[in-house]
Amino acid sequence: MHQIYTRVFEPGFFASSPVHVAIVIGGIVAVVSAVTGVFTVMRGQSFGGHALGDVSAAGGSGALLAGFSPIAGFVGLGIVGAGVMDLIGVQRLRGRDLATGIVLGAAIGLSALFLYVDASSGATTGATQQILFGSIFTATSATISVVVILGALALGTVAVVCRPLLLATVSPDIAAARGVPIRLVGVAYMLALAVSVGLSSVATGAILSTALLIGPAAAALRLTRRMSWAVLAACLIGVAATWLGILLTYDSYYWGRSRQGLPVSFFIVAVVFVSYLLCGLVSRRAATRRATPAARPAAAGPDQVAA
Amino acid sequence: MSDSPLISAPPADVLRVAGVSVSLSGRQLLDDVSFAVGPGEFTGLIGPNGAGKTTLIRVILGLQRTTAGSVEVAGQPHSRRGRSVGYVPQKILLDPDMPMRARDLVALGADGHRFGIPVPSRARKDAVAEMLHAVGAERFADTRVGLLSGGEQQRVLIAQALISRPRLLLLDEPLANLDLRSSQEIIGLLARIARQQQVAVLLSAHEMNPLLPVMDRVVYLAAGRAASGTSAEVIRGDVLSSLYGHHVDVLHIHGRILVVVGQGGEREDAEPEFAAVPVREAS
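Same order as they appear, the protein sequences are chains P and U.
Numbering-wise (the numbering used here), the first sequence opens with residue 1 and increments by one.
Numbering-wise (the numbering used here), the second sequence opens with residue 1001 and increments by one.
Treat the hints loosely; a few may be bogus.
Pairs of lysine to any residue, SDA-like flavour, derived with a Cα cap of 20 Å [stated by the list, open to error]:
(1) U/Lys-1125 - P/Ile-182
(2) U/Lys-1091 - P/Ile-182
(3) U/Lys-1125 - P/Trp-229
(4) U/Lys-1125 - P/Arg-225
Sample of chain P residues lacking proximity to chain U, with all beta carbon distances greater than 10 Å (derived) [claimed, not checked]:
(5) Glu-10
(6) Ile-23
(7) Cys-162
(8) Gly-179
(9) Arg-183
Keep in mind the hints are simulated off the structure, nothing from the lab.
Note that this is a predicted model, so its numbers are computed, not measured.
For glycine and all other residues, C-beta sits at the position ideal for the given N, C-alpha and C.
Could you put the whole structure together from the sequences, leaning on the hints where they help?
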């Protein structure tokens, strides 16, 4: 029994302070990403979320170059990117792909420049790995408070606009006719999305922030018919995947003889992907079980009213 | 419904459209459109595709600016009508796998414009259940909206629009994608709602025959201009001819009405009413 325990939790896991910081930051980031992610998937803006990840990469690498903490760049430029996407027309369904594509291209170009200069200046070795694929184990406890504040900001924004946002997702015309300031609600949500993507850039890296945003949400949406349960399930899946990923990363240090750990973002994304597949299996089995006893009757109302 | 509001004041018009014109980038979409709708009246907004029906609905909703004229709903000239107008759009943008049940959508009709996290309450739940019952949607209340058939979705959208107790219910082509039977059911449902809840119903359609037995009033739109009155007053060769600006025949065949639009200068649907359906006996 003890042997299994030590195989799962390699020595020092619970005593390691980088692990503590990683667990806290990872947990918060997972929750924020999962909540905004559910709305992102509902609104069909996964591509926009990914573009904001690329903007984060440009921001993070630029911040490193300028001597700031990458998180300032991740979030800061992400917010600017969200604003630009709104100006180009992300709120219109047809303008969405265009706005996203333009911002995404510009952001990757900037990242290429910044990362090249970062790498060749030599002072910031490993910048490419850190910005693109995350550095949760090098985060300090000072980062925690920044993550808490920004996370609360993003979650608070989503909580405030959640109902008008849903209504506008179902039908922008109904929402507008009811007096919902659609543009404002859309901008608020994009800002929350930018902050959340910026935060997950800390954990899984800017490139992979989409995985933590979309993966748990998409998995949760396969499980439930209710919005509130979907948000809850996405949070659980996201947190579980992040923590399991952190544990596996720590353990991976002991796997080979080389005593070299594998990247945490790989493990987190791998767990997210597997849980997405599992949720698909669960929902398909549930669907067949529901369908066999009595197929849903054909469309017909109970009250046949002759005009 | 038993708890419909008692109207003690003399029944003023619920909707008054006066001299409304809309032009967009040089095109005249609506030209001096005027009509009024009283409480509990069932009005059909009839006309071929491209006649301006959707534009007029958007004007009434306050989503489309006018170049001239005014719109009053329940005596209020506000551009955003809020709760006094219930709106049923032609379609909703929701994938089948999105987690929104029919009852969730109806609840959004009650408080979807409010900020903050919804607080579940008994009253809210009861109001939703009552609306689902009123439109005959209880059977699929827990089904995802995206999985419902066109007719089922229409019922849910109607419940969503009615839950805020509007004075006017606006529907944009609610029968467009429905089979004959579902569309008869929706028409019957709307006629009952108009009568029992004293909600004025204004719905747009390009096919008038299924609506003839229930319509109190027709607003016929062609090329941006409108004629309104009872169907006997409006659906006549001379009225429609002056509306279209060229000769139009109105034929009565086996209880159906066919509007035959000749070769005018402007593009119209060659056969707007040929897909006519037998009119049922009025009850």
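A quick look at each hint next to the structure:
1. Restraint check: the Cα-Cα separation between U/Lys-1125 and P/Ile-182 comes to about 26 Å, which exceeds 20 Å; the hinted pair is violated.
2. Between U/Lys-1091 and P/Ile-182 the alpha-carbon distance is near 18 Å, which keeps this suggested pair within the 20 Å criterion.
3. Taken as a hint, the U/Lys-1125 and P/Trp-229 pair is honoured in the structure, with Cα atoms around 17 Å apart against an allowance of 20 Å.
4. As the CA atoms of U/Lys-1125 and P/Arg-225 are separated by approximately 17 Å, the hinted pair is consistent with the 20 Å bound.
5. Consistency note on P/Glu-10: stated as away from chain U, and its beta-carbon is indeed over 10 Å from all of that chain's, at 39 Å minimum.
6. A cut-off of 10 Å between C-beta atoms confirms that P/Ile-23 is not in contact with chain U; the least separation is 27 Å.
7. A Cβ of chain U approaches the Cβ of P/Cys-162 within 10 Å, the least distance being about 6 Å, so the stated non-interface status is violated.
8. Remark: the non-interface label on P/Gly-179 conflicts with the geometry, its nearest Cβ contact in chain U lying 5 Å away (cut-off 10 Å).
9. For P/Arg-183, the requirement that its beta carbon stay farther than 10 Å from each beta carbon of chain U is met, with the minimum near 13 Å.
Going down the numbered hints, you'll see the structure goes against 1, 7, 8, while the others check out.
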